[in-house]
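Model the full structure from these sequences, guided by the hints.
In case it helps, the UniProt record's numbering puts the sequence shown at residues 1 to 443.
Each hint should be verified, as a subset may be incorrect.
Claimed, not checked - FRET-style restraints, in silico, Cβ to Cβ: (1) A101 - E137: 43 to 51 Å; (2) E21 - G100: 30 to 38 Å; (3) V328 - K157: 47 to 55 Å; (4) P7 - D329: 36 to 44 Å.
Said to hold, decoys possible - Once the Cα atoms are required to be at most 35 Å apart in a straight line, the calculated DSBU-like pairs of lysine-lysine come out as: (5) K263 - K157; (6) K263 - K278; (7) K278 - K157.
By construction, these hints were calculated from the structure, which means they are not laboratory data.
These numbers were taken from a predicted model, which means no experiment stands behind them.
Virtual Cβ for every residue (Gly too), placed ideally from N, Cα, C.
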Amino acid sequence: MCFLCEPGLRQAGRLWCSEHERYEDRCWWCHPELREEGRDYCESHGLYVDECFLCLPELVRSDGPGPGDGVEALMCGEHGVPEVECGICRPAMLRELGPGASLKVRLPASDSALRAGVRTAPVEEGPVVERIACVGELRFDPLRQFRVVAPVDGIVKEVRVGWGDRVEAGQPLLRIWSAAMEEALARAVLSYQALERERKLRGAGVGAARDLQQAEAEHRAACRHAMSFGFTEAEIHELANRGDAAVSLELRAPFGGIVLEQKAVVGARVIHGEELCKVVDPSELRGWLYVPESVVDQVRPGLRVELQSEPGSGRTFAGRVAWVSPEVDERTRQVRVMVVVENPEGRLRANGFVRAWIVVSGSGPGVRVPESAVQWVEGRSIVFVERSADLYEARVVALGGRSEGWWRVLDGLDVGEPVVVEGGFALKSQLLISRLGAACVDE
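Structure, rendered in structure tokens:
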């Protein structure tokens, strides 16, 4: 194989004329002015005879200059820049460039940029906070909501709270009477009274130890049964000492919050397990965010999160990442991220949608450019740097984080360089005009 049919064997960095299948500096159709009179030319391989190593293998050297060395840089006659730097003729060369390298873009006239609305600004140094934008929804914290259910079949005797009422921890919510509950409590009271009698008899020396032990066992069993309805041992002893036969069960709030639902009605018969009301604490919510799989590796517990429930409202709420799911949704290719959101004023509502930004890096100073300055061409991020009124560089840059209208530039730009911040699309169109057949080698 040879360099004519195998691109990988061609001399690195030497321009290739794809139309005529030879090196650009040996293509007399494109550059007849470069041909040296009196020097024999190998038409088969597109080289001078005295440098054609395919015809003369002895010319191949392991070191030193190779064929074509010493030839002056070819100039693009149409755009007035070296061929190797002409971005208009060969924009695809951007794929091979690293940060800081560039191609030239020549405009048709010195006032073309002005007429196209091109405006430049110097590269700045300043803070850029890298954030991941995503969307999500809010939910109540499962540990901060409580469903009050009937612990036994019975009848609602009293309802003490309604929809939206704020309650404190331990506050009574409603009262229920139940025949089964009354029977269990009565047995517990009787067993306690029997236990007290046996203790007195034993203390007087007339009671048997066996009788006392049996009374204690019966009382423990009766108390456990009564306590399964929500009574405490202290309440059982109080009823036994008071001799009050009235029994009803008060259902209390386990923590402070708001009554979100109230289904109980006085006089209604309820069955065991039936939901009567629901208490939630909205001061802290859980947010479920959906982060693209491509960037989720940057997310970890503890990162700060900024949320907005109403786009354009300007009101931002703070949160923190609590958990990152190990699972990728097979349909959306996104990963769920749970965040804890403080909501002391109750401005956020559960089941609402939010826009969120996960802050994944600090805000240290660095080189930055406006978002409008960055263009993407041939898979590279570039900015246009002004060199003269009609000449610009399409400079490849390495980007870091983006937020609040700025891109952090990791490599490729220096502070103070004039970059295009408005009208960059016009320059991008000029750079890619050869894709429409307007390259400088047209015939």
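Numbers of the earlier hints that this structure fails to satisfy, in rising order: none
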